[in-house]
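Engineer: Heads up: the protein sequence lines correspond to chains A and B, in order. No gaps in the numbering here: position 111 of the first sequence is 111 in our numbering, and each next residue is one more. Every number in our numbering is 1000 more than the matching position in the second sequence, counting from 1.
Calculated from the structure, these hints are not laboratory results. C-beta: ideal position from N, C-alpha, C; glycine also. Treat the hints loosely; a few may be bogus.
These stretches of chain B come out as covered by chain A in the derived footprint (C-beta under 8 Å, 3 or more residues) [to be verified]:
#, stretch
1, 1003-1012
2, 1045-1059
3, 1085-1095
4, 1108-1121
5, 1125-1139
Each computed BS3-like pair below joins lysine-lysine, with the alpha-carbon atoms no more than 30 Å apart [what the hints assert, rightly or not]:
#, chain 1, residue 1, chain 2, residue 2
6, A, K119, B, K1162
7, B, K1098, B, K1058
8, A, K77, B, K1098
9, B, K1006, A, K56
10, B, K1005, A, K26
11, A, K26, B, K1058
12, A, K56, B, K1035
Derived, one-sided and incomplete: chain B residues facing chain A with beta-carbon distance under 8 Å [to be verified]:
#, residue
13, L1018
14, Y1042
15, R1081
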Amino acid sequence: MTRGEAMIKRKTQPRAQPEGELDAGKLELGEDFQDAECLLISEVKVLLEAQYEGRKGEEEDKEMSGVFTRTLEYVQKFGRYTNRDTIKEVRALMKPTSLHPFECAQLGNLCCSEYEEAKSLVPSIGDKIGDEDLDSLLKQMDSLKKYQG
Amino acid sequence: MFFHKKLSHTITLHPSFLGPRMREFVTQRLYEDVKDLCSGRYGYIVAVVAILEIQMGKILPGLGSAEFEVKYSAILFRPFRNEVMDAVVTKVNRMGFKSMAGPLEIFVSTQLIPADMKFNQHSNPPSYHSEEQKIEVGTLVRVKITGVRIDATAIYTIGTIKEDYLGVIE
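Chain B on its own, in the form it takes in the complex (with noise of 0.2 Å):
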């Protein structure tokens, strides 16, 4: 699920960047640490919105950096256990098949996938198919996330499609 959140971070700059253009260099370092960063608690940090209050730097006695903590908005996309979302697959083999929603990958394994699909290994590409539906690599299927494992700098979830109204979308 995306999100919209307030955050705040914390920016060390070193003295050499205080000057006139400062509080550029602030919102330009800013941008490069949130970049590509996946916290454990808010998921990943998918873009910044806007940015809310750059606070008044505190020299740091002894070193002459300067630390601000810069308030700011951002898109935060972070998967819950029981959420159901949409993915394109990615990979499929015997163990099941990995789809990615945005940032996120998630993992069906065989046995989350109704027994009726069966796993087609002469096929080009490998696919699970049915009489009616067939996963293939590029194929958009509805998921519902059943394990979100969080480490601190990455999600693992694991899914599956053997529920009411998940599976292959048309």
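Just chain A, same shape as in the assembly (with noise of 0.2 Å):
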């Protein structure tokens, strides 16, 4: 490519990086996400549900989008801490710890019951946390999943 051609594209490029360069295995989630903050599916529950029920009572013949509708299926299926206090505490729980927001949101979705688990699927853990302060960090989510209201 010349460097006049290599100008042109540049323009006409859109913004979003390649698909090839993002890897969430090493934590890299492109500019655009990179920083976001991520939602466990328990918070994306209440949020989708709140709107759910604010829609119901308004039109009863508005269609809700198909997008809408299988992210709600999807997030009462799989949202696996019911109420709001238990979500803050969960928070809570990974707020000290060095882990980025995107590997929080992962340990809070997958609810693995063992460190070696949450290592293996979410390899960018790596040595971010000791085998021990993850293993007590997955029991105590286990306990709070348990014995929430």
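Two independent chains are provided; combine them into the complex using the hints.
Structural biologist: Below you can see the structure in the form of structure tokens.
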């Protein structure tokens, strides 16, 4: 490619990064999402259910978007924490660690039972947290889930 | 992964809407535009959480329509390569199985299903089964995304269950 062609190409290319560069395993999420707030499936459930209740009251014949309905069904099926207080406590448990928001959200969503499983499913955790600390974190999250109201 | 992000959208209103309920029309139009939108850059826009700011409208010379830039925050769903997520199986055939994670479809091909799981075409419904596990329509599976292809309006992903801790969720 000549320099002239490269200059033209740069102007007309969309700003999104090429997909091949993005890799959740290495926490390379692209400039749009690297610092974005990650939501737990249970948090999305709380938000979508609130919206659903709101919209149900308004107009009965307003059609919900397909994306909204499918996502609502998904989060209702896979949301592990049923109430807001539990979600707050889970967030508070992960706050003092040095884990990236993406990793925290993954741990909250996947609910691993042991540190090996967590480190295998979320490889970017690596050495950021010790095995025993991770194990104790997972056990606390598990007991929050078991004993939630 | 679900994200919460601040986005910006430009709405153009015909002059007939420029009256006392103008702001209402702008918000309505935003909800309609963003509904069912899948952007290549931001993934699926699941829902608008809040409208942060509707900037002052700018009249387009010659047309009379007004352009508003609306800043809002929304819930986005965007898959990444090597991300692990849970999904529901929707279709099983000889080539593999299709599963849905929210609005996203993930296809897992036979090559990325463990070798001990065999396709059983005679079972009703068709399924993959090994001695311990069975995959049929409706099964919950934990999948790792291996490839993401994004075009302007949709996201296509393929996944694997061939690694540790993946596969059927009890």
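Engineer: Checking one constraint from the list: CA of K77 of chain A to CA of K1098 of chain B, max 30 Å. Satisfied?
Structural biologist: 18 Å, holds
Engineer: Are K56 of chain A and K1035 of chain B close enough, with their CA atoms no more than 30 Å apart?
Structural biologist: Holds, at about 16 Å.
Engineer: Does the nearest C-beta of chain A fall within a distance shorter than 8 Å of the C-beta of L1018 of chain B?
Structural biologist: 24 Å, violated
Engineer: Does the stretch 1108-1121 of chain B contain three or more residues whose Cβ lies closer than 8 Å to a Cβ of chain A?
Structural biologist: That given contact is violated, which follows from only 0 residues of the stretch 1108-1121 of chain B lying within Cβ reach (below 8 Å) of chain A.
Engineer: Under a C-beta cut-off of less than 8 Å, do 3 or more residues of the stretch 1045-1059 of chain B approach chain A closely enough to confirm the stated coverage?
Structural biologist: holds (count 4)
Engineer: Holds or violated: K1005 of chain B and K26 of chain A, Cα atoms, limit 30 Å.
Structural biologist: Holds: K1005 of chain B and K26 of chain A sit about 21 Å apart, inside 30 Å.
Engineer: At a Cβ distance under 8 Å, does chain A reach at least three residues of the stretch 1125-1139 of chain B?
Structural biologist: This one is violated; 0 residues, fewer than the three required, reach chain A with a Cβ under 8 Å.
Engineer: Is the straight-line distance between the alpha-carbon of K26 of chain A and that of K1058 of chain B 30 Å or less?
Structural biologist: At roughly 43 Å apart (the allowed maximum being 30 Å), K1058 of chain B and K26 of chain A break the hint.
Engineer: Can the restraint linking K119 of chain A and K1162 of chain B be considered satisfied, given a maximum Cα separation of 30 Å?
Structural biologist: 17 Å, holds
Engineer: With a cut-off of 8 Å, does the beta carbon of Y1042 of chain B approach a beta carbon of chain A closely enough for the hint to hold?
Structural biologist: Where the cut-off is 8 Å and the nearest Cβ of chain A is about 7 Å from Y1042 of chain B, the hint holds.
Engineer: Can you tell me if the stretch 1003-1012 of chain B counts as covered by chain A, using C-beta to C-beta distances under 8 Å and a minimum of three residues?
Structural biologist: Held - the stretch 1003-1012 of chain B has 3 residues with a Cβ nearer than 8 Å to chain A, which meets the minimum of three.
Engineer: Assess, step by step, whether the Cα of K1098 of chain B is no farther than 30 Å from the Cα of K1058 of chain B, and give holds or violated.
Structural biologist: 47 Å, violated
Comparing the model with each numbered hint stated earlier shows that hints 4, 5, 7, 11 and 13 do not hold.
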